[in-house]
Amino acid sequence: MANHSNINDEKREFYKSRNKQEMKMQVYTFVMMIAFTLVAFGLVLAEVDAMFTIPIILVLAGVQVLFQLYYFMHMNTAGHEWPAAMIYSGIFAAALTVLALATIVWW
Amino acid sequence: MADDMLKSGNLPEHPERATLEGSNKFMGFWFFLGGETVLFASLFGTFLALRNSNAEGPAREDVFGLGLVFIMTIILLTSSLTSVYAMYHMRNHSFKKMQLWLGVTVALGLAFLGFEIYEFVHYVHDYEFGFRTSAFGSAFYTLVGFHGAHVAFGLLWFITLMIRNNKRGLNLYNAPKFYIASLYWHFIDVVWVFIFTVVYLMGMV
Chain F
118 MANHSNINDE KREFYKSRNK QEMKMQVYTF VMMIAFTLVA FGLVLAEVDA MFTIPIILVL
178 AGVQVLFQLY YFMHMNTAGH EWPAAMIYSG IFAAALTVLA LATIVWW
Chain A
431 MADDMLKSGN LPEHPERATL EGSNKFMGFW FFLGGETVLF ASLFGTFLAL RNSNAEGPAR
491 EDVFGLGLVF IMTIILLTSS LTSVYAMYHM RNHSFKKMQL WLGVTVALGL AFLGFEIYEF
551 VHYVHDYEFG FRTSAFGSAF YTLVGFHGAH VAFGLLWFIT LMIRNNKRGL NLYNAPKFYI
611 ASLYWHFIDV VWVFIFTVVY LMGMV
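Chains F and A, in that order, give the protein sequences.
Each residue of the first sequence is one higher than the one before, starting from 118 at the first, in our numbering.
Each residue of the second sequence is one higher than the one before, starting from 431 at the first, in our numbering.
So that you can see chain A by itself, here it is in the shape it has in the complex (with noise of 0.2 angstroms):
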């Protein structure tokens, strides 16, 4: 006589973390953020130490563009709302709005990455600005390249779960990982915040 929960039809007000393995999963996830913010403290932390350690290479202020940067920023805070549009639609059980709404962010994300590829081949083609190339480089690269390799895995991340789970509809399966993906894709936007702010306005100020 229960109805059954697995169905789309019932699902309780916050499916994602409706179930116990929904909830150690949310718990397990905030876990790994808070870690990941350390990795990205020490990866920072290098930057700051040799962003001026340019040996014969092009130093910052020669190589960045405030207008892409902002392109960029502009795109991934846009992806982060819409991702949180996709959640709004799942809470409302609405799966076919969800997707929608995830294939937008997806779109921005493969944007922002498209952009952050062509900087980065323009820095090495047209300032022989490299990996190799300095201190200063090393770390720009360590740390931006990071970031850029996070935004990568989350847009795969959500193609997966988007292509596994289309003829399943929304259940209490596949919620909890539809909400985990979009936490880490928030995450990442955080990073990115840090990122434009430190290494790119700070480098022009």
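If we strip away everything but chain F, and leave its shape as in the complex, we get (with noise of 0.2 angstroms):
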């Protein structure tokens, strides 16, 4: 009974670690977050020639969402083999919404 309800409390503890571990790094996406928005913001009030800021302004757009999946949504931990396939389908479909509509409409 004893040996019972010690392994439980190793496994609490270990669970414990590793989800404050979990936590940590999802505490430093979010600071990468912010200094991307940041910078994002930077540039446009810096007036940074568009040709330029453009560009960069969407990659970081683009990277931060990767980081609100990965680290937020969970989707770097196990059994999300499905979640990652039905997201990138998603993000597969939208960006060729996107593209046909801007090319499509031009009035």
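Hints listed in this document are in silico derivations from the structure and should not be mistaken for laboratory results.
Cβ coordinates follow ideal geometry from the N, Cα and C atoms, glycine included.
Some hints could be false.
[What the hints assert, rightly or not] Chain A regions said to be covered by chain F (calculated; three or more residues, Cβ under 8 angstroms): (1) 516-523; (2) 595-608; (3) 619-625.
[What the hints assert, rightly or not] No more than 30 angstroms apart at the CA atoms, straight line, and that leaves these computed lysine-lysine pairs for DSSO-like: (4) A:Lys597 <-> A:Lys607; (5) F:Lys133 <-> A:Lys597; (6) A:Lys597 <-> F:Lys128; (7) F:Lys128 <-> A:Lys527; (8) A:Lys455 <-> A:Lys526; (9) A:Lys527 <-> A:Lys597; (10) A:Lys455 <-> F:Lys141; (11) A:Lys607 <-> F:Lys137; (12) A:Lys527 <-> F:Lys133.
[What the hints assert, rightly or not] Each pair of labels, with its calculated beta carbon distance range: (13) F:Lys128 <-> A:Lys527: 14 to 24 angstroms; (14) F:Met168 <-> A:Glu451: 49 to 59 angstroms; (15) A:Lys527 <-> F:Ser122: 19 to 29 angstroms; (16) A:Arg598 <-> F:Lys128: 21 to 31 angstroms; (17) F:Phe209 <-> A:Ala582: 22 to 32 angstroms; (18) A:Ala485 <-> F:Thr220: 18 to 28 angstroms; (19) A:Lys526 <-> F:Glu164: 47 to 57 angstroms; (20) A:Glu558 <-> F:Thr194: 41 to 51 angstroms; (21) F:Met149 <-> A:Met457: 20 to 30 angstroms; (22) F:Pro172 <-> A:Lys597: 34 to 44 angstroms.
Grab the two chains, each in its own frame, and use the hints to assemble them into the complex.
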């Protein structure tokens, strides 16, 4: 009986420390995301040339989204193969939609 | 003799996916998010196509204010982090702390919504820039309005869950519900990242 609860306590300790590690990564991710946001706003406020800022802020946005997906939405943990497939298919269809609409409509 | 899994004291490690119902909800919701991605893509595409169709109304540079958008972005990003804190506490089986952080998330979300409503009212009153002013107006309000509606729905979802489950504590029945609601909240932050980049930043560049 005592052994059983010892093992449970150990398991609990292990999971607690693993959750803590994950949480630390998530706070780092948050700080990176704030930094990216600041850079994006900074580029626009500094009135850097459009040809330069637009691709950069789009890339920054894309990376921020990947951070959200992988770290905040736990897509980096086990058992997320199907969710990843679904989201990437969504992104694929989304990219096609945006391209189509942005090129077809011109008035 | 088996420990009662439904009671808080004996929760497994990932309570949100431990039951068949939980993992079905988890899969189903990611599928739904894939679909929502395409929904917002069609609104983004329309906005990109019509962003310069100003009729006789104001253009993007005339109306957008980056200060307000910056504050809104920081608020929403922080609320995404606080919802992660809530899930962290859920994974550690501390119900009260999870409720606390969900409460903070809701407060931040309400602040965001307040700012957005102020922004829309400001545009309509001070610039006469409304839904019917121009094609740009329609596209803008549809896209940003849809996002705002998602925020409002997410807030209602959290608030309902918090009130409904306040006396139950954490168990295998409500853990998936909290987790799914928090995934939804992250998703609307994802959409906002693209909104502030494509709509506001690209509008003021």
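*asked:* Let me make sure I understand: some of the numbered hints might not hold for this structure. Which ones are they, in numerical order?
replied: Per hint list: 2 and 22 violated.
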